[in-house]
Amino acid sequence: MIPVIMAGGSGTRLWPLSRTAFPKQFLSLGYDETMLQQTVSRLEGLNTTDPIIITNENHRFLVAEQLRQMGQNASILLEPVGRNTAPAIALAAFQALGDSKTNQGEAPILLILAADHVIKDTAAFQAAVNKLEPAVRDGKFGTLGIVPTEPATGYGYIKAGAETSGLFTVEQFVEKPDAETAQSYLDAQCYYWNSGMFMIRADRYLEELKRHQPAMYAACEAAMASTEQDYDFVRIDKEAFIACPDDSIDYALMEPLTADPANSQVVVAPLDAGWSDVGSWSALWDIADKCEDGNSVLHAGKGEGETILKDTRNSLISTSDRLVSTLGVDDLVIVDTKDALLVAHRDKVQDVKKIVAQIKEQGGGQHEFHREVYRPWGRYDSIDNGERYQVKRITVKPGAKLSVQMHHHRAEHWIVVSGTASVTNGDKTFLVTENESTYIPIGQVHCLENPGKVDLEMIEVQSGSYLGEDDIVRFKDVYGRA
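Here the UniProt record's numbering is used: position 254 in the sequence shown is 254, and no number is missing along the way.
Treat the hints with care, since some could be wrong.
Claimed, not checked - Simulated pairs of lysine-lysine, DSS-like, Cα-Cα distance not exceeding 30 Å: (1) Lys348 / Lys338; (2) Lys338 / Lys453; (3) Lys338 / Lys360; (4) Lys476 / Lys238; (5) Lys401 / Lys476; (6) Lys397 / Lys453; (7) Lys401 / Lys453; (8) Lys338 / Lys353; (9) Lys401 / Lys338; (10) Lys348 / Lys120; (11) Lys428 / Lys453; (12) Lys338 / Lys310; (13) Lys131 / Lys210; (14) Lys210 / Lys238; (15) Lys120 / Lys290; (16) Lys120 / Lys159.
Don't read these hints as lab results, they were simulated from the structure.
Go ahead and model the full structure; you've got the sequences and the hints to work with.
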């Protein structure tokens, strides 16, 4: 069985912690591991191979780095454009079948998972997966249906029919209902939330996709016919994939396969495991550990922010570096980051997207990047800026190297705080160690590398008429960005 983990997307519902360049699947949200890492760890104990991770160009190094931290190998497929879940799964199916040519002709089973779900009971999750596998190996399409705990209107539903060996035939996939309909589903006790988790045999998926969505099948087949291995990543043919229709697996395949309930080809395994898609701050509060006053405190990322809560109830507080204090408040969500603060009533957090839309409209960048930005070589934090200057704290990982580059509008002063830097400045290359500095003039070709075994920490002071990140001319780059 091959896990296929969807790690694309750039959701804004957990802004300001989640940003376009660093969405929620790469956040830890109070756990030791990020949501992507938890998804991978949840597979331990199942009979699976290394996963296939599907992501995009902008997030590829985040995926690779978080897998590296775990010591986890994976095939990382890069979608050149987003085309929803049905084409993404098709890419994984072609990849899996191509990798399994030596598997004695047996088609691999794909376990389709999202990288941004919380499942508290791993044992229950694995039991449901194992229950599905024999039926899927026999050619059925499997899905995990969440046992509903309330008449939720934010999820699609799955209508279950006859039971066989703990699995139920799926009679219908249902759209998100209104409140009255959701209550009727809950009362009927034969409906499950659609988790978006599926189990399918790779050859069966492509067979049915070709039958029901021939244009999608043809585009994905063409896109995977000429892949290119780029370090840890598998690049597919962009021109071919752009031509692919945009559709979810629910519309493209699940609905046709259940159109005749008496001959449905889909089965569902009920899952009661503390599942959440963490679709909002209120959803995160629902599943979070709370004190006796109903408050949940989240120490996000690497921050060590403190909290003082007085006469505060049923609130979620996320801190990064600063002290956050509350007094005499109820039912709030407070999310503090280095460059943005959100204060919202828990009943209004679904409208966070309106704030993000206004930031975009006003030309602000807080919807896209954090103040601290991650790069394949490390990260930088813009700690101060003003007219004609900017100050950054730069961290370069051991053995990592920035691109050979130059700037038209800015000069740079580098001060090494800890570690050792190998600096190329024009035609000279030299070492700069702790408490030493160097200067890069405007227009000078330069490069920075960490030749050591520990992180290189340095302060960069930029000065000039334009300080934007797009004032970079790359001549050579080990990460393929030149």
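Indices of hints not satisfied (ascending): none
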